[in-house]
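S.K.: The sequence shown begins at 1 in our numbering and counts up by one.
FYI, nobody ran anything at the bench for these hints, they're computed from the structure.
Some clues are possibly wrong.
[Unchecked claim] Straight line, CA to CA, 20 Å or less: simulated PhoX-like cross-link-like pairs of lysine-lysine:
1) Lys66 with Lys8
2) Lys14 with Lys66
3) Lys62 with Lys14
4) Lys8 with Lys62
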Amino acid sequence: MSLAQLSKRQSTLKGVIMGLFGIWVLMMLTFIYLKMKPGFAIQFALPFICAWPAISAYNAIKEELKMRNEKIDI
Numbered sequence: 001m002s003l004a005q006l007s008k009r010q011s012t013l014k015g016v017i018m019g020l021f022g023i024w025v026l027m028m029l030t031f032i033y034l035k036m037k038p039g040f041a042i043q044f045a046l047p048f049i050c051a052w053p054a055i056s057a058y059n060a061i062k063e064e065l066k067m068r069n070e071k072i073d074i
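Could you put together the complete structure from these sequences and hints?
M.R.: Here it is as structure tokens:
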């Protein structure tokens, strides 16, 4: 995979991660505003569970880009 493709994929994953956490924050603010208590802990954990593969892929791509940059510098 080329450097440009990795960089584009990294920024896409970053957008996915930020979107999931944004949804989670809005959900929590809604619960607080409506004075509702979420019935299940899964409502708190769901965005984190969904984002975990994206976070792992993002970190792997970041490491790959770092290694490629080190090889270029040498």
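S.K.: Under the constraints set out in the numbered hints, which ones does this structure not fulfil?
M.R.: Violated hints: none; all satisfied.
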